[in-house]
Structures are given as structure tokens and as C-alpha cells.
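If you read the sequences in order, they're chains A, B and C.
Everything in the first sequence is counted per full-length UniProt numbering, starting at 1 for the first residue and increasing by one.
Everything in the second sequence is counted per full-length UniProt numbering, starting at 1 for the first residue and increasing by one.
Everything in the third sequence is counted per full-length UniProt numbering, starting at 1 for the first residue and increasing by one.
The hints are simulated quantities; they were obtained by calculation from the structure and are not laboratory data.
There's no promise every hint is true.
If you want a taste of the chain A side facing chain C, the calculated C-beta under 10 Å gives, among others [what the hints assert, rightly or not]:
1. Ser-96
2. Ser-99
3. Leu-101
4. Tyr-234
5. Leu-318
6. Met-330
7. Ile-338
8. Thr-343
9. Phe-346
10. Arg-353
11. Asp-355
12. Leu-358
13. Pro-377
14. Asn-381
These stretches of chain C come out as covered by chain B in the derived footprint (C-beta under 8 Å, 3 or more residues) [as the list claims (entries may be wrong)]:
15. 116-127
16. 179-190
17. 326-334
18. 361-372
19. 422-428
Idealized CB from N, CA, C, for every residue including glycine.
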Amino acid sequence: MEDGSAGPRMETNSTYNIPLVQRSSRENEMVCIFGTGDFGKALGSKMLQCGYDVVFGSRSPNNANLVPKGSEVLSHHEAAQRSKIIFLAIQRDHYSFLSRLAHALQGKILVDVSNNLKLNQYPESNAEYLAQLVPGAEVVKAFNTVSAWALQSGTLDASRQVFVCGHDSKSKQMVMEIVRTLGLTPLDQGSLMAAKEVENYPLQLFPMWKIPMYISSVLAAVIFLYCVVTEVIYSYVTTGEDYTYAIMIAIPNRVFPIVSLILLALVYLAGIIAAIIQLYRGTKYSRFPDWLDKWMLCRKQLGLVALGYAFLHVIYTLVIPIRYYVRWWMNNWAITQIKNNATAPFDPNYAWRSDAYLAPGILGFFFYVLLGITSLPSVSNIVNWREFRFVQSKLGYLTLILCTGHTLVYGWDRFIYGPFYRWHLPPAFVLSLIIPCAVLSLKFILIAPCVDRIITQIRQGWERNSKNPKKDISENGKTTV
Amino acid sequence: MEDGSAGPRMETNSTYNIPLVQRSSRENEMVCIFGTGDFGKALGSKMLQCGYDVVFGSRSPNNANLVPKGSEVLSHHEAAQRSKIIFLAIQRDHYSFLSRLAHALQGKILVDVSNNLKLNQYPESNAEYLAQLVPGAEVVKAFNTVSAWALQSGTLDASRQVFVCGHDSKSKQMVMEIVRTLGLTPLDQGSLMAAKEVENYPLQLFPMWKIPMYISSVLAAVIFLYCVVTEVIYSYVTTGEDYTYAIMIAIPNRVFPIVSLILLALVYLAGIIAAIIQLYRGTKYSRFPDWLDKWMLCRKQLGLVALGYAFLHVIYTLVIPIRYYVRWWMNNWAITQIKNNATAPFDPNYAWRSDAYLAPGILGFFFYVLLGITSLPSVSNIVNWREFRFVQSKLGYLTLILCTGHTLVYGWDRFIYGPFYRWHLPPAFVLSLIIPCAVLSLKFILIAPCVDRIITQIRQGWERNSKNPKKDISENGKTTV
Amino acid sequence: MEDGSAGPRMETNSTYNIPLVQRSSRENEMVCIFGTGDFGKALGSKMLQCGYDVVFGSRSPNNANLVPKGSEVLSHHEAAQRSKIIFLAIQRDHYSFLSRLAHALQGKILVDVSNNLKLNQYPESNAEYLAQLVPGAEVVKAFNTVSAWALQSGTLDASRQVFVCGHDSKSKQMVMEIVRTLGLTPLDQGSLMAAKEVENYPLQLFPMWKIPMYISSVLAAVIFLYCVVTEVIYSYVTTGEDYTYAIMIAIPNRVFPIVSLILLALVYLAGIIAAIIQLYRGTKYSRFPDWLDKWMLCRKQLGLVALGYAFLHVIYTLVIPIRYYVRWWMNNWAITQIKNNATAPFDPNYAWRSDAYLAPGILGFFFYVLLGITSLPSVSNIVNWREFRFVQSKLGYLTLILCTGHTLVYGWDRFIYGPFYRWHLPPAFVLSLIIPCAVLSLKFILIAPCVDRIITQIRQGWERNSKNPKKDISENGKTTV
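Chain A extracted, bound-state conformation (with noise of 0.2 Å):
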């Protein structure tokens, strides 16, 4: 409630304000809804709209006023034998008195509409349940993703998509046909085997950034640690200064590039390791090991996880100059200066340097950002599969090379230069640099011609150990008889 936004206003306002007073005389399809409670009624109700006529099943047909007008209430054994499709808008824990409707409901389409509370709160599927109990009857798992409050308001923002699963496909289309009338977009899962997950699929909390956002969280704290001994725990040791501000804006903005790089890095490192694997296997038909198989799957939150890092460098790092400590260094320097009458004279070498550093910096940056882009489900839908390679590999590798670039450039004298190097412990952009560069130097020995050509014919079919050598050389996996 606190939530939720509103969807195309044409829908909103059309499934909200029409009154539904004159319905046509003529004969549409009919459907029939067990279950008077909030999702049955807003089902209902949007599925007169859209035309169809409405019979609801109830254990006490006689509180009808409830029920939306133009639609019927009956029993649940006289509104059963009223339509071929039957929702089921009822809880689990009720479907028991289905069993003993069978007769009723054989041959009928039971569209099974349940939620659970928990992950794997039964052992089986309440749709494979339900088709337990009622053999005579086709399940279809389907509308458990779209919420009551959603229907009714016409807000479908979070839940266009209705997952539908099923044994048999004429029953699947028929489910599919309405979910498509309904102004929802049917996904076919397969068979009623994949109820299971169907149901999880609601409950389930941005799953595939389970992993990305792990490691993040942990690298991020390794590094701030870090960098609060190396700098702020070490200056009040040795010297006394309180530098705790630092804590603030200073150490995050060495935290996010760091952790930034680094995750994108790991982006590109699962693909050379699978190039490895493939290398040392002399075969692509042999299965990956489960954790990169993992790995390879959430690439793309991986690096909009380094993205969202690498925005947040770049705002720490141009609110730099607004901060207090930066003025009054600055102001410092100046009367400095005029105080030791020693005026620093301008150092070309100096200004290349900063200027070196903040440039690939910044490109990286766009680059970054053009990725995230084109990650977009709507802009890459729109790209073919030379595209996205394209983007996603040739742009990646260049924002990779550009922002190890932009970290050497920055380090620049400071990693051989001693002040640095507090309790013998590295500067942390030191140790940042160790995954990219062996991405690179990586990548840059299997792009070399020799390692190159054995990589892309296995990956066009040929196997080192395979006793009758079958090559299939396509460029999308297209094959020989």
C-alpha cells in the first residue's frame, strides 16, 4: 500500500471508471471463479470488463451482493458445469473439498491462481497437489504473479508478465488466450513440473543479485577496513592527527573505485576461465563446473553492481573541491607559500599527470555507463546478438583497459615511492590493480592468433579426443546434418 505506482493511464482508467451497466446481449465465453475473496472478485471483475461473463463458485452462493455486478454466484457444483475454465481463487488448505466435485470438474481446465507464504512451504507444488487431487481435470498453473490490488487498479507495473505452466498445451493456449485478453503477457514455463518454481517465483527477492551483492558488500568492507588502518588508525599512531573525517567522503571514494574495478574484472575473468576450461578440455561438450556456470549466469549484475559503485566515485569525486578540508588546503597552500616567499612555479609534468589520470577516468566512466544502458531489457531486446556481442564484449573490454588505466595513471610514482607504503602495507589502489591486470594480460594471450584459432574451432564443434572429427563451422551454432 505505501507503494505501487500507476501504469498506462489508458488502462487505469478504463478498467476503473467504466461502469459496466449495459452488457451486450450477445453470447461471450463463459468463465467460472471459485473463491469470493478479494483476488476472485478483482479477477472477476476484469474479466467482465474485457468481455467474458462471469459465474463465481461459492461454499454460501447467497451473499451475491458481494460479487461484481454482471456477474452470477451459484454453488460450487452448479457454477462448475456453467464453464470449461474454472480459477480457483482459493487457499491451498481448502482445495480438499475439490475432490469431492470431481465428477463435476472432469475434463474441466483448473486454473490454479495460489500463492504460498513461504519458499517451499510443501513439498509439491500446489498445482501438482491439486491435479493429484482432481486426476480427471487439466491443471494450469497461472496468475500467481499478478496481485488483486493490481488487477483492480489497472496498475500492473510490477506484474505484466503471468507465468503459465501446464501438462497439456490446448489447455495452456486456452489459459494463455485469456491471460492475452486480460491485457497481460503469458510466458509458457513448460509443463506443471515447473509449478514449483512458478509459485516460488513471487516470493523470491531479486535472486540473481543474491551473489553480486555478497561480494560487493564483503570487498567493500575488507578495503574500507584497510584503508581506515592504513590511513586513519596509522596517522593518529605516528603522527596524533584526528583524521577520522576521512571516514565520510575520503576512504569511500578509495572503497567504490576499488570495489568498482574489481567487480568488473570479475565480469570478464568467469569468460576467460571458461575459455581455459574449454582450452585444457579440447571440447565445448563437456559441462562447466557448477560455480562457473553460477558465476557466467550473473555477469550482468556483477557489472551493474560495479556500475552503481563507479557512479558513486564519480560524485564523491567531483564533490571534492566543495569540501572544507579542500579549501582550507588550498588556502593553506597559498599563504604557505607567501609566508616562505617560495612561490611553487607550474609543472607541466605535474598537470599531464593529473590530467592523464583523469581523462581514460572519465571515458571509462562513459563507457560504463553506455553498458548499463544498453543492459536495459528494452534496449537489448532491440539489438541482435552481433550487437550485444559487440557492446557487451569489445565496449566491455575497452571500459576494462580504461579504467586499469586510469588506477596505474593515478598511481603514477606511488608505487615504488616509500611514504606510501604505511606499516610496509601497499596503498589499497595498489592491490585493486592485481584481478584487471590479469584479466587483460589474460585475455591478450588468448586473442593471440595461434591460441585464438584453436579456441574458435572448438567452440565451431571440433573435439582434440574425438575419434570422427565433426565440424560444424556457423556462426550462431547452426549445424550440419
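Once you have looked at the hints, place chains B and C on chain A.
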């Protein structure tokens, strides 16, 4: 003409360049179009490309040279007999001749594609008027959101959605099938009573944005004037200083964050008021007052306007060090110190303060942007209801807390520091904190366990004054029998 | 392999993990796939999951262990007899054997999924070649944009669209139904003549972006050289100063805004030229010259490239105060004043000037970003034609006016101030104003009531030289009978 942009090029090219010289001899579905104007021709041309046979009905069937190659032109009467479906690409003013064709149109599907020049131009919609004129035919409203230019050039960016409505389901299905075949997305809008709204749709100009834009403009104007009075005019009256240049950057940069914060708070105030009303009434089954309904439906737009202002605030803030005034002031600070021989020592307190107000501001903006990205239709389409709630509610409140914190720390001691109260008026940012603090306090009360439990019960269907207390605990509004 | 990203996880998991051990005994639709390579197997596997029965046709039906569990492998001849629809997952080079199967393929639907390695590799498309080989079958082109990897892993980010073309509508409908059942989006591309383009599609690399990228690169290179000559080389020749570090930040930050402004003006110049041509010809019914057609079709891309340059300009500008050169210069300014004992008084004129050029720049960038967001496919899909025109035309011109104003105020007195004309060459920003100012002046003339009236008439179908002046006033190109 001045604008428009290329859609997915695939389509662009295919509809634009491929000549349709050779038609297959097989029987295609035949469609009839009345009217050989721009829209009729564009529609016919597109249909030919998608495999339909097209016949035009015209008053003067002899200027056949104008219609797309591959189609025929006949008199209205003859053309009508060739096809089950007839598209009326004619203006409402000319519909009257159709009543003479009533016999030929008996049992046909008439697709009304017409638009009007003004909102609510006629008492009844064009489609309903048509249905009265030709009672023997099934009228379906469709295609009015698509322009001739878009059909011809294939640049359908702004109009891929086709709203379809009509009394007869079968007729609608047939029209929707054609819509899909043309590569467009049909959206069923219910019975012909929705036609008025469908006809008004292409004449609307961001109706959901009107209230948020109005509120934000009024707020911005009022705060701008307030700042001009307390800063520019006050300076001039008391010290004679010319501070007018502040109206370009300095004062807008006070107005933007204030408007942004207030709008963001208003987004969440709606939900809080709704919760209080439900608590007071003890039920969720009575409708909210109309103003609250409207408010809740435009929260997304309110939030996005707030994000716009926040974006402007960020850039206005980041240019601060580039401004001449600020550079001069920095410079003057150093010179004054030298002249007075009194160097300001470094004050860690000030460093804390300046960093502590910047950090939550940056983080707040980061989450603000995240909220904005998730409200993009293609992103919100792939998150489930729970995830959408998480982002919009949890992250939304986090953003509000961070931005309110940012403003509070910015204020620091200025809340009580006399000189900032010019003419006894508090600085504008003090006023901006009223609504956010109220929202956060009320939210804090509402999530207190004892209150939260009651709200949860109410939202699950419990009613305080109900005699037969029904209870339908379920995640998604699914309910008991 | 190096890239790709996880699609909606729902699908990912369900297609990835769910074993298909138990098949229902009911009769499912049977599909046949010729070819047991990567693509054939991936397609078969996906179809099994979506409820189809799959039979593979193979030269050597005995290596049945390779095909997905639940499917059969037969000889081509036997397999063909089992299904109405046959997918050819084989390369064009191997099509020849199909002519021997002509009898078995009589009346079947052959789905050509093949791709080529190069654009226009063969004189006719693979699908048309197939239609010639097997004249008794209906050939439908489809699925060539989908990769085996995407089908297997369910990560369909880059390839949810399936282009379908073919001569026979019924066959296309059947194939499109399968596409929908697999959770993909079919897009009807018309007759088999579109096959060539459909086959070229996955080999294209951003064809609509080529011209805008080319124009912007040439412009950027020319302006960069111009700036290097008038600033770096001029400084070196006249004063011997080493100003080379400017090529990292300072000069790019002149190039980016200039390119951005010119590109933005070019977006609107196309529409203005179109209007002038229509005015001159007195009709809208003659086609524009080809170059203008192409220009108008790539305006969106031009505008987005312009936005990219504007984005870079903004960040390059915001880092200014961080640069060593700027810090040194600020510092030096203070020291010089002290030494000369001549403090610069505050000049409100300068404050006005610096603020007055920043403000329209920021606002211009804000509207620029807004334009970019509304051109995201998912956003432009939910606005109607009038709203799209409003944003792209009204807001677009507002952006152009703000950005031109930003540049004019930036120039201020430098337009006439001698020292800026090095070697008698005007500063680059002066040149950048030519096209924008021309566009705005012409637009100003075109919206003058007397001119605007004629253009409106022409766009409503009026022709100056027409003998029978027909008039079809309507908002959307809908027209008279």
C-alpha cells in the same frame, strides 16, 4: 514531421523497401478498407506486406492509380462484399453514407479507426455513433493511436500499442489477430463503452503528469520568491549589496533540493494517510476519498518529478567551484588572512560537518536514481511484486531518510543561529523539513509492532465492526472460499 | 562466450534445471527437426520443455544418445512423415539432399532457421533457395536471430524477437504460434522476399548508427585539429609555452560541446529542410530526396550521439577544479595579488556572466537527458503520438535554444575581442554556432503564422497545383472518402 525517429531498423527497411511485385497465387485473407486517403493507403500498404489481400472501397473507384500496388479499388458496395472485415478510414462527418449500405454491411465487422480533433468533441464516441448507424454490423474500435506516417515508415516508436474495444469478443479477436500480424501490440480495452476513452487517448498530453507538474511548479515559484525576499532583497535593503546574480545559480540551487525533498515526502505521505484512514475505519473495504485515490495513482510521477529536481540540484551543486563568485571568494579569503596575518587553523569539526552533509546527500541521490531506473517500464516489468514493493517502499524510505538527514546536517547550527533568520523568517530549508519529518515520524509510529499488527490484519481482510469476522490471510490477496 | 548475461531468472531456471523425465501420455503436437547439431538439439530441448513432441531427422539416426531425452531420432524420410512442420537446423550447403525427399516433404511447412557468415553471401536468400529446391512445400523463415546458447541457457536478452516471413499466411501463423509458445516474440516480416533481409539482420552491426557515428567522428577530428592549431601550436610558436597537456582535458572539453551542439542542430535541420521542400513543391505527396529520407530516419541516433558528447562535456567540465593546472592557477592568482598588493575587487558583472552561462547549460543538459530517456524503447512505447511529438519537438527545440544560449553567453565579448582571434582564426565555439543559429532562425520563420498556415494545409493534403483540391483535415492523417 519535425521529429519522429527510426524504430527497429529491421521493420523499417522491410516495410519501406521491399517491392511487392510478385504476389503468391495462394489464397490470402481478404480485408476491405473504405477510404483511400493517407491513412487508408498506409494501412492497405502495410497489410499487403503482411500477406493480406486488400480491396479498397471508394466513392470514385476510378482513381485506382493512387492505391498501393497489388490492391484493388471498387465501389463501397462491391468492396464490402469481398471481406468479412471492413476498416473505415474515413472521417466521422462522412459516416452518414454508411446507413445506405446497411444491407451490404449486415454481419460484417466494422473497424472504426477515426480520431477527433478535440477531447470529447461529440456527445458519443465515433465508434458508438457508427454502431447506431449500422446496427447490423459489429463495430470494433482500433488503430486510432497509430498514424499513417508511422505505418508507412515503420517508425512505430510512439505507437506500437493498439487499443481495441468492442462488444463482440469474436470480432475483437479477429481484429487483434490482424494487429498482431502487422507487428503491433493489441490491448483489449473491453466493451465499446471504452471507445470514448480510446478516442480521447491520442489527444491527451501526459494527463498523469499534470498534477505533479502543477504542484512542483507552484512550490518552486513560492520558494523562489521566498528566497529572493530573504536573500536578494534583504541584502539590498540592509547593506545595499547587489546580490541579484544569485537568481541564476545560488537561489535555484536552494529551490531545487527543497522542492525535491517535499515532493519525495508527498509520495510517501499518501500511503501514510491511507494507512491512517484504514486504521480509523477498521476495514479496507471502503473506498478512499477521491483526492487520495488520485494522489496515490500519481505517486510514480510525483517521484520522478522529484528526481528531476534532485538531478538539477546535484549539477548546480557540482558547478559551484567553477563559479566566478566562489573563486573570487576563495581567493579573497587567502588574501584577507595574509593581510591580517591571521591564518585560520584547520578545524576537524568543520571537516566532519562538511563531509557529513555531503555523504548522505550523495547516497540519497544514488538511491533516488535507482528508484527512477526501476520505474522504467521495461525494468519494472521483470521484477515481481515483492521486489517492486521492496524497491519502491524500502529503498524509497531509505532515500527519504538520507535526503532528510542531508538537509538536517546541512542546517547544523543554522536552525538556531540568529543571523540566518532574516526579518524573523526562517531559512527556506527549515520549512522544507516539515513534511519529510512528519512523514518519517508517522511512519515510525505505523511500524511500531502494536500498530503494524492491526494494519496487517486489516489488509488481510479483517474488519473491526464486522459480525462474521472472515479472515483471508494470504500474501497476495488470494483468499478463502 | 566472453559475454552474455542472464535474462529473467524465472525462465533461466525453469529451462535450465527442470528434468523432463515424466512425459504426460496425452497427445501433444509433434514437431520434426532435421539436424542434430547444436542448434537442432537446443531447439528440440526447448520445445520438449514447452510441451511439444519432438522427432529428429538425421543422416545417421543411430547416435540417438546425443539428442535431448524424450525425443526420437529417425531417418529424414521417416521423421518427415511424423509432423506437419519441419525445422531445418542444417546449413545451406547441405540443403541439396532435400530435393531427393521432395515427395515426403510435399505439403509440409519447412522452417528455414539458417544464417550466413557474411552479408549477401549468396545471390538469393537461403529460404528462397530452399523454396526452389522443394517447390511442393511451404517455406517459412524464422528463428535465425536466436542462438543455440540463448535457447539452452534461457538468457534471451539479445534475441527475444523472432522475425518470421513466408508466402503462406497459414503456415506463418503456425510457426508464429510455436514462437509464442517458446516464450519468444514473433514479428511478421511479410512474404519470403523479406528473407534476405531477415538473414542479413543478425550480421548487421548497428546500421542506423553508422552515419551519425561517422559524422560525429569527422566533426570531432576536425575540431580537435583546429583547437590544437589555434591553442597548442599557437602558444608554442608565439610564446614557446608548453601547452600540450591541454590535449587531455581542455581541448576535448572544447570539442565535445561543439560536436554535441552541431549534431543537435542537425537533428532539427532535417525537419526544416523537409518543410521548406514541401513549401516549395506545394504538396506533401512527392517523395523527399533519398539523402533527406535517410537523414530523417537517423535523427534519433544523431540525437543520442549528441547526448553522449554532451554527457562527456558535463563531466569534463565538472572535473575542472580538480585539475592541477586549475589549482595552481587559482593559487598563483592569490599570490600574485598579494605580491602586487593589488586585490581584485568583486565584480558583480563577472558573477552575472559566469552564472548566466552555466544556468542554461545545466538546464539544457537536463532536457537533453529527458529527451534521451523518452527515446528508450519502453518509454516511447507508452506515450501517445501527441506526447511523443511534444517531447521530441517542443522539448527538443527548448534544448537547442538553451544550449545555443549557453554557448552565446559563454562567448560574451570574446566574439569581438581581438586576442581570441589567433592567426585571424575565430575561436572554435564561434564556428559551432553557425548551424544552430541558422536552424533557430529558419524555425522562427516557419512558425510565423502566414507560413505555418500554408505548411499545415499542405500536411493536411492540400496541393497548390492540384485541379481538384481535396482536403482531408484530421489530426492523425485519417482522411476523407
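Outcome of the hint check:
1. Ser-96: 24 Å, violated
2. Ser-99: Nearest chain C Cβ about 21 Å off; hint violated.
3. Leu-101: 22 Å, violated
4. Tyr-234: 25 Å, violated
5. Leu-318: Holds: closest Cβ of chain C sits about 5 Å from Leu-318/A, inside 10 Å.
6. Met-330: 7 Å, holds
7. Ile-338: Hint holds; Ile-338/A Cβ to chain C Cβ min 5 Å, cut 10 Å.
8. Thr-343: Given a least distance of 5 Å, the restraint on Thr-343/A holds.
9. Phe-346: Constraint on Phe-346/A satisfied, holds at 6 Å.
10. Arg-353: Arg-353/A check passes; min Cβ-Cβ to chain C is 7 Å, inside 10 Å.
11. Asp-355: Holds: closest Cβ of chain C sits about 4 Å from Asp-355/A, inside 10 Å.
12. Leu-358: Holds: closest Cβ of chain C sits about 5 Å from Leu-358/A, inside 10 Å.
13. Pro-377: 7 Å, holds
14. Asn-381: This interface hint holds because 5 Å falls under the 10 Å limit.
15. 116-127: Check failed, 0 qualifying residues.
16. 179-190: holds (count 4)
17. 326-334: Since three or more residues must qualify, the claim that chain B covers the stretch 326-334 of chain C holds, with 3 doing so at under 8 Å.
18. 361-372: holds (count 6)
19. 422-428: violated (count 0)
Figure legend: structure checked against the earlier numbered hints; hints not met, in rising order: 1, 2, 3, 4, 15, 19.
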